[in-house]
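**Q** Let the sequences and hints guide you as you build the complete structure.
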Amino acid sequence: MFGLKNRQGAQGGDLERRVAALEEAVQENRALNVRLAELTDVVSELLLPVAARDEKRLEELLGKYRGDFS
Numbered sequence: 001m002f003g004l005k006n007r008q009g010a011q012g013g014d015l016e017r018r019v020a021a022l023e024e025a026v027q028e029n030r031a032l033n034v035r036l037a038e039l040t041d042v043v044s045e046l047l048l049p050v051a052a053r054d055e056k057r058l059e060e061l062l063g064k065y066r067g068d069f070s
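Quick note on numbering: the sequence shown equals residues 1 to 70 in full-length UniProt numbering.
Hint data in this document are derived by calculation from the structure and do not stem from the laboratory. Don't take every hint at face value.
[As the list claims (entries may be wrong)] Cross-link-like lysine to aspartate or glutamate pairs, in silico, DMTMM-like; alpha carbons within 20 Å at most: (1) Lys64 <-> Asp54; (2) Lys64 <-> Glu38; (3) Lys64 <-> Glu45.
**A** This is the structure:
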């Protein structure tokens, strides 16, 4: 079932291509998760009451966010 023939059978390097595609998808998901975490930080800062808000940190986060899209 898991012998050499099944790994390299009629499909040749299909397994290698599939693994490479999956690894690429994993990297893309990691990048999206980082982006989501950054946006969550921005939203969290924006939702804090003005008295508790760190304006300097908020400006840094917004600047980074805006820089990514310009």
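**Q** Okay, which hints does this one fail, numbers in order?
**A** No hint contradicted; all consistent.
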